[in-house]
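Line by line, the protein sequences are chains A and B.
With my numbering applied, the first sequence corresponds to residues 11 to 120, in that order.
With my numbering applied, the second sequence corresponds to residues 3 to 115, in that order.
If you're looking for bench data, these hints aren't it; they were derived computationally from the structure.
Yeah, the Cβ is synthetic: ideal placement off N, Cα and C, and Gly gets one too.
Treat each hint with caution, since some may be false.
Using 30 Å as the maximum straight-line C-alpha spacing, the simulated DSS-like pairs for lysine-lysine come out as follows [claimed, not checked]:
hint, chain 1, residue 1, chain 2, residue 2
1, B, Lys26, B, Lys70
2, A, Lys61, A, Lys37
3, A, Lys46, A, Lys78
4, A, Lys74, A, Lys37
5, A, Lys27, A, Lys46
6, A, Lys66, A, Lys78
7, B, Lys80, A, Lys46
8, A, Lys37, A, Lys78
9, B, Lys26, A, Lys46
10, A, Lys46, B, Lys70
11, A, Lys61, A, Lys74
12, B, Lys80, A, Lys48
13, B, Lys26, A, Lys48
14, A, Lys27, A, Lys79
15, B, Lys70, B, Lys80
16, B, Lys70, A, Lys48
A few chain A positions that, by computed beta-carbon distances, are all more than 12 Å from chain B [what the hints assert, rightly or not]:
hint, residue
17, Leu21
18, Ile22
19, Gly26
20, Ser36
21, Lys37
22, Gly63
23, Thr72
24, Glu77
25, Pro91
26, Val118
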Amino acid sequence: SQELEQSPQSLIVQEGKNLTINCTSSKTLYGLYWYKQKYGEGLIFLMMLQKGGEEKSHEKITAKLDEKKQQSSLHITASQPSHAGIYLCGAAGRGNQFYFGTGTSLTVIP
Amino acid sequence: DAGVIQSPRHEVTEMGQEVTLRCKPISGHNSLFWYRQTMMRGLELLIYFNNNVPIDDSGMPEDRFSAKMPNASFSTLKIQPSEPRDSAVYFCASKLGGSTEAFFGQGTRLTVV
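Okay, chain A solo, but in the shape it has when bound (with noise of 0.2 Å):
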């Protein structure tokens, strides 16, 4: 099965500080996703990457995939209380199968 590790596990910035989360698969990715989950809350979509080297943005909120298609990071500008829950990396495998990463808590203190 794919494994997907992510860093670091949990975080705690400042607000206004920028941060940057990381996602590594042990096989090449055909589709990353980004996924953010309110405690106690379900997930909810951020976005999807499918091309090496591809990179997308969502307010301040910006994934990249690298080219290899085995990494991907979330980076966050300026973050916001908003911004904090967790986050989680998803890859879809063979057989439209659905795995996600370990999640990494972030908390944004005010």
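Following the hints, put chain B in place on chain A, whose structure we already have.
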């Protein structure tokens, strides 16, 4: 569309009881996933269905767990008998085939005492 609907939102049951979690996927989606989320293990894929057919149930922890999808609009995850270590949040998700994102329900928080 109302999105993926799970019920109940919260379930508290005694050890040894049978628990049934329910999921209604988004209409038209042909893949359905059941996940379990705990602090220790994160989000684990338990089982998924394509076109109502179970494809991979290797994530189901034990024979006490079973899942069914009798039709395209309904799935159940059953635990019998339940144990305290089954306490977790169980999520259901659905998606279209191909390179599309999965949509998640709000989850069922299960507590087994």
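Could you work out which earlier hints the structure fails to respect and list their numbers in ascending sequence? none
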